[in-house]
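Chemist: These protein sequence lines map, in sequence, to chains A and B.
Position 178 of the first sequence, counted from 1, bears residue number 177 in numbering that gives the first Met the number 0, the numbering being contiguous throughout.
Position 56 of the second sequence, counted from 1, bears residue number 55 in numbering that gives the first Met the number 0, the numbering being contiguous throughout.
It is possible that part of the hints are untrue.
[Unchecked claim] If you anchor each label on the Cβ, the simulated ranges turn out as follows:
hint : chain 1 : residue 1 : chain 2 : residue 2 : range
1    : B       : P62       : A       : W193      : 44 to 52 Å
2    : A       : H12       : B       : E162      : 41 to 49 Å
3    : B       : D105      : A       : S7        : 44 to 52 Å
4    : A       : R20       : B       : P62       : 42 to 50 Å
5    : B       : G176      : A       : A19       : 54 to 62 Å
Source of the hints: derived by calculation from the structure; they are not laboratory data.
Where is the CB? At the ideal position from N, CA and C, for every residue including glycine.
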Amino acid sequence: MSNGEHLSKQYDHELEALRARILHMGGLVESQLQSAIESYEKPDEKLAQHVMDGDRLVNEQEVELDRVVVNMIVRRQPTAGDLRLIIGVARTVTELERIGDEATKIARAAKWLFDKQRNLRSPRLRDIHTSALAAGKMLRGALDAFARLDAAAAAAIIEEDRGVDQQFQAILRQLITFMMEDPRTISPSLDAVWVAKAIERIGDHAKNIAEHVIFVAQGADVRHASPEEIARAVSQE
Amino acid sequence: MGDSADAGSLELETTAPAQPGVAANPVVKAEVSGLSFYYGSFRGLKDISLSVHSNRVTALIGPSGCGKSTFLRCFNRIHDLYPGNRYEGSIRLHPDNVNILTKEVDPIDVRMRIGMVFQKPSPFPTTIFENVAYGLRLRGLAPRSAVADKVEQSLRAAALWDEVKDRLGGLASNLSGGQQQRLCIARALAADPELLLFDEPTSALDPIATASIEELITVLKDTVTILIVTHNMQQAARCSDYTAFLYMGELVEFGETDQIFIRPGKKETEDYITGRFG
């Protein structure tokens, strides 16, 4: 009955371009996140500044993708799978822009550390590194799942968020211990809290993207759903 | 995918979850079961079963020649006018549970209960008033004031009264296309039908007249059950509660309109409503 293409080739091109664009924006945000973490761990002032400047590009992509989405809704009046893809892109754009903002917060903390030369006393937390890796992996996985519209992979990413949340709690406990032992670490410890919180939020946004992937692929809205409900939604082809 | 397991089946669960504008337990107005229709030896409809819910709008969609108009016309036995046409299966009209396809049932009685509005406005070549009054007189409603009251009531229900009340004696053909179509709806409503059939009622109208007919359909469903054939997918999405997708004489999918347009259960439905059909 059909070869999966629209009668309107132009519509096919537009949908393909939309997918490519959201993944391109995802790639940009991913590299912003990596650079932000690197700038914090070193700390590297130049790299931090680069991330802060780069947020402008992320914001521009957000506005541009939103414009394309509104345009497609007006011109094509999408239905079924096309509608879900376009709505999924619109929601994912917002998540990516917020991840960009969180990366900028991390870079700002890095720059501050560098400026004040307080890096000597800054608690070097292995756990921040680990949770940054985990959140980065979630983001990459969510974008991969989006590219392949793989609901099962998306469901696995939603599960991973719990680990990132637990790591944040562990980091918080450690920092509280530091601060109690030596009040001079309070200021840099608070910086570390902001960074850890930003990473935890990035995990949340990556999880949200994974939920949008399930909506696009299966038509099921799994936001606020229990793990069992998500499993059921994903298993129903 | 939530309810998609149900979406695949052609029988709609009567205990479907409540949706905006759709009651949890709709009453069945007409039950179509195993309906096949033959134009001579050509089988135009193949074993169709579905429930038409009371005070709801059910849209029939599908490509040209898929059988949606044929299906609609079974409801008022228009096919009887041509020799060689044959029905199989049944359409049971509730609450009296009568199969309107049997020879024992007079098509005229069926048409009293089931009105039809066609693609092109088809007013009688007479006055606005007479267009609506004609059917009433045919039914034996004689007193002049009773006829006048009913004409006004029908024109009001069709949202036409205010525009024509000062020229009821004028020719119907002088009305605009949208007004003529609403006049045809008023004419159908004068017979107090239980079911109204619309066969692409707006395809000859401009967007404003279309919007007024769609608005009217939404209002009318408080009092009648509506079946509408449309080529305009957005129209089906806008004004129907249930949607049936037909293809090559078969019912491919039937479900709540929201479900059909957001997450159709069948690939054929998805291909058709997203424009991938070819």
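Chemist: Take the hints in turn and mark each one as holding or not.
Modeler: Do the hints match the structure? See the list:
Against the hinted window of 44 to 52 Å, the Cβ-Cβ separation of P62 of chain B and W193 of chain A comes to about 59 Å, which falls outside the hint. For the pair H12 of chain A and E162 of chain B, the supplied restraint of 41 to 49 Å holds, since their beta-carbon distance comes to about 46 Å. Range check, D105 of chain B to S7 of chain A: about 48 Å between beta-carbon atoms, so the 44 to 52 Å window is met. Between R20 of chain A and P62 of chain B, the C-beta spacing of about 33 Å breaks the proposed range 42 to 50 Å.
Distance hint for G176 of chain B and A19 of chain A: a CB-CB separation of about 45 Å, inconsistent with the stated range 54 to 62 Å.
Hint compliance for this structure: hints 1, 4 and 5 are not met, and every other hint is.
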